[in-house]
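A.B. asks: So the protein sequences, as listed, match chains U and L. Residue 239 in the working numbering sits at position 239 of the first sequence; the count goes up by one each step and never skips. Residue 27 in the working numbering sits at position 27 of the second sequence; the count goes up by one each step and never skips.
Derived from the structure by calculation, the hints contain no laboratory data.
Pairs of lysine-lysine, DSBU-like flavour, derived with a Cα cap of 30 angstroms:
| hint | chain 1 | residue 1 | chain 2 | residue 2 |
| --- | --- | --- | --- | --- |
| 1 | L | Lys55 | U | Lys95 |
| 2 | L | Lys102 | U | Lys271 |
| 3 | L | Lys55 | L | Lys102 |
| 4 | U | Lys271 | L | Lys89 |
| 5 | L | Lys102 | L | Lys59 |
| 6 | U | Lys149 | U | Lys95 |
| 7 | L | Lys55 | U | Lys271 |
| 8 | L | Lys102 | U | Lys95 |
| 9 | U | Lys237 | U | Lys162 |
| 10 | U | Lys162 | U | Lys138 |
| 11 | U | Lys237 | U | Lys95 |
| 12 | U | Lys149 | U | Lys162 |
| 13 | U | Lys271 | U | Lys95 |
| 14 | U | Lys271 | U | Lys149 |
| 15 | L | Lys55 | L | Lys89 |
| 16 | L | Lys59 | U | Lys271 |
Beyond 10 angstroms from chain L on every Cβ pair, some chain U residues (computed):
| hint | residue |
| --- | --- |
| 17 | Gly42 |
| 18 | Phe83 |
| 19 | Met163 |
| 20 | Thr228 |
| 21 | Ser236 |
If you only want the chain U side, here are some residues facing chain L, beta carbon under 10 angstroms, derived:
| hint | residue |
| --- | --- |
| 22 | Ala102 |
| 23 | Glu258 |
| 24 | Ser262 |
| 25 | Arg268 |
| 26 | Tyr269 |
Everything numeric in this text was worked out from a predicted model, so none of it was measured. Note that CB positions come from ideal geometry on N, CA and C, so glycine has one too.
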Amino acid sequence: MTRAGLTAAIVSTVAAIAFTQEPVVRVPGAVYDSDVPNEKPGPAPRRDLSGIWEPARGPGDAIGAQGAKNYPDTGRPAHQLPFTPAGLQANRANKPAWGPRAVASALSNDPQPTCEPQGWPRIILHNYRTAQIVQTPKQVLVLYQFNRKWRNIWTDGRPLPKMDDVLEPRFWGYSVGRWQDDYTFVAETVGLDERTWLDNVGRPHSFDLRVEERYVRRDATHIEVTITIDDPTYYSKPWVALDRLPLRFQPDTFDIREMECSPSEFARYTKEFAEPAAGIPTTDPR
Amino acid sequence: MRYALTACCVAAAVLAGTAPGVAHHGNATFDTGKKLVLEGAVTEWVWSNPHCFLKFDVKEQDGTVRNWTVETSNPPDMVNRGWSRRSFKAGDRVTVTLEPVKNGSPVGRVLEVMLPDGRVLSARGGGAAPAAGREGAPR
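Excised from the complex, chain L in its bound form:
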């Protein structure tokens, strides 16, 4: 296997076009509906607009290390979801569930991150665009 995964890659079913709006800067590049679960060590947590992003090293089976960059939504949305600038520090072991891009680059968007103590930070919900069909949600 290309990636040294301690957790297995899993299938997801995300209804086409209804992926939670984790990102608002383009949907075309993501392999919507697919999930990767990668374990690695945080190299940097970048708290910034338009989106925050987490960089972490994943050790592959051949021993080489690949640095992944995965985005979340913007800072105010992430605060609403319980994240902060202090969520990660370099060296933290994390298990990241992500939606990768289609072209194979080590980039994607975060669905959730499990911290070393087992707590899970979800990147979904909150201040993003509601899924299709929910626009008429009851007031």
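So that you can see chain U by itself, here it is in the shape it has in the complex:
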């Protein structure tokens, strides 16, 4: 029997049977809201974001394989982004491995498989996992599990640089934040290297990108994070990529697991898995 025949004979899709979702396996030691349905959290501390935070609905709540959580690339009109002609052209040039435009991952031009920096804000629009926030007198530091990266947000009163004054593009930009009130912290980031993608489905940005991140401390155990993309060169109006994502406060003993991007490991994965999966000849050993 041919392989095709075999496949047809023994493998079929039974559409009537719903796939049974496996129970969500939890990060040991993590606390999610589903664990504490009747919890009455204490009051929010003033001007304090410090702590270890996990997506409150579960560890996978903010993994955006299909793109920014608020605008996944579904092809649906509600998720169409307000591209300018230049933005649309830039979007077409990106070849993501996910979404309706997906190509086989070995054929994608996503910078990630070579462990190029994903930059801001893709790190959280793609893979917002555990994050630790540290406040110092002059900065807010955010330490991300994904790719083991960190950012600093200046809070010493300096102004955000004007675009023309930015001397160098940065994968992580130049961030300045301030407390809008005792429970709302707003940071803005400019100077972002336009080689990075905004999300996992290749939404592009220009050097004119300005990202607003807003943290609202709801109570003792929650903050909500909102990310707004403002890039007039590529998008005709600002759009909210992440809308009040709830994060849950974790014990200070919580161990954030390592999740590095190793170029040699990625190269082996590409050679031994991604390329055969895409049906293309394997590359020379790297």
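Since the structure of chain U is provided, determine the placement of chain L on it from the hints.
C.D. replies: Here is chain L on its own, set in the frame of chain U:
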């Protein structure tokens, strides 16, 4: 039959687009919704980013041996699901339930693996993207 299967190939019903996010590096290549169940001997268990992968030999009916490479999610997700770098060693007899790629290459992604002692390691659940429609899950 092309593959020497001690367990039969089975049909699965995975709602389109809602496959558990075992992999986050592309969905286009997989024959989503299909399952193969293969028995073989582990040749290597590679604990690495971006995804771990298991390599194992499957003896085909004509006596030849085909080496399969099947991926899981990343190490921290797999630890959450009860896997570790010590889950397999070369020579272990395993029964792997996998979702193959469309092009017929001996690659796919793991759904679950039954160990020689009958224990089953599931590659699903946990730190992957929630299925469509679950984003608004109650807090």
